[in-house]
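With the sequences and hints as input, model every part of the structure.
Start counting the sequence shown at 1; every next residue gets the next number (my numbering).
One or more of the hints may lead you astray.
[Stated by the list, open to error] When the alpha-carbon atoms are kept at most 30 angstroms apart in a straight line, the in silico DSS-like pairs for lysine-lysine are as follows: (1) Lys9 / Lys47; (2) Lys47 / Lys142; (3) Lys214 / Lys200; (4) Lys200 / Lys11; (5) Lys111 / Lys37; (6) Lys173 / Lys161; (7) Lys47 / Lys111; (8) Lys111 / Lys99; (9) Lys47 / Lys173; (10) Lys314 / Lys265; (11) Lys57 / Lys9; (12) Lys173 / Lys124; (13) Lys9 / Lys54; (14) Lys314 / Lys9; (15) Lys57 / Lys142; (16) Lys11 / Lys57; (17) Lys47 / Lys11; (18) Lys37 / Lys161.
Simulated from the structure, these hints should not be mistaken for laboratory data.
All values reported here derive from a predicted model rather than from experimental measurement.
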Amino acid sequence: METNTISRKIKLIGILFIVLMTSIILSTIYLNEKNKKDALLINVVGKERMLTQKISKNIFYLYHNNSNALLNELDSATIEFIYNLNSLKDGNTLTGIQKAPTDLIAKQISKVDILWNSFHTNIKDFRKHIINKNSDNETILKNIVNTIHNTNNTLLEEVDKLVSMYTIHSEQKSDYIRYLQYIFGLMIISLMFYSFSQLKAMEDNVKKFFEYSKKLAQSTNNNHIEPIKIEAEKEIVEASDTINCFISKINSAMDYSSSAIEQSKNASIKLEEITDEFSKTISDLEYSKQITSKLDKTENIIIQSHEDLIKTTKKLQLLKSELDKLLESCHIDDNK
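Take a look at the structure:
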């Protein structure tokens, strides 16, 4: 089955352009949406770091200056930290946060969760004792505050690692998508060069075809016409085959008419020779009237045959002339 057609090439190039452009557009949309989600996620992780510092600061202020407002801030920060940590661990459909994307990040979240549980226990102990602060529990509060201060630094370091891991993961995914976009872009550029080369090849083939057609129409030589030979697309090859078929029929008709004319001329020459021979014989046999009469009849028959052959020759010449006119009419139509 022939597949090298102009229409197929154009359709294939068009489909590839559409697919590649669609891929770039979709990847760009995906990248933008991904960046939004990653920004939200990194913001949540970064906020955990801020909440850890806020909790430690509130505990320090409460230890030196007990205040209901500071206590409410401590409770609010603690609740928000727990909510965000659970969202990072299990995902949150309301905020659009997905579960940990990699095992390493999941392990780091578990590590932060373990540290937080210990940190949260100290917060609850501090809150219980700070409400009933007196000289008896002063030492206990001081120890709790020192413990919170020490564990806070460790928790901050692990939360910082978590922020870095999310940031690196986001950048790697973005780089991968951009890499794909670069590949799509290079493929489009390559496809453009390929399209130009194919269009140039098609243009050259069509130009070659029309130049041959014009040369054929303007030719004044009535000898054999050479068929066109073009290695091109299916449509041009089919058009060339049609012209070659027409050329083959014209060449065959010209060969037949030329051969018939030649044979007719040869027969006419032979008849003339026979006529001369009979004329000589007649002159030698004039004494016999009977023979002369028969010979006259024979000569008349030969002369009649000779005339018929001449008429046939003229008809064949007329046929050849009509073929020549057919070619000349093609020249005239093309020039118009």
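May I ask which of the numbered hints given earlier this structure violates, with the numbers listed in increasing order? Violated hints (numbers, rising): 1, 11, 12, 13, 14, 16 and 17; every other hint is consistent with the structure.
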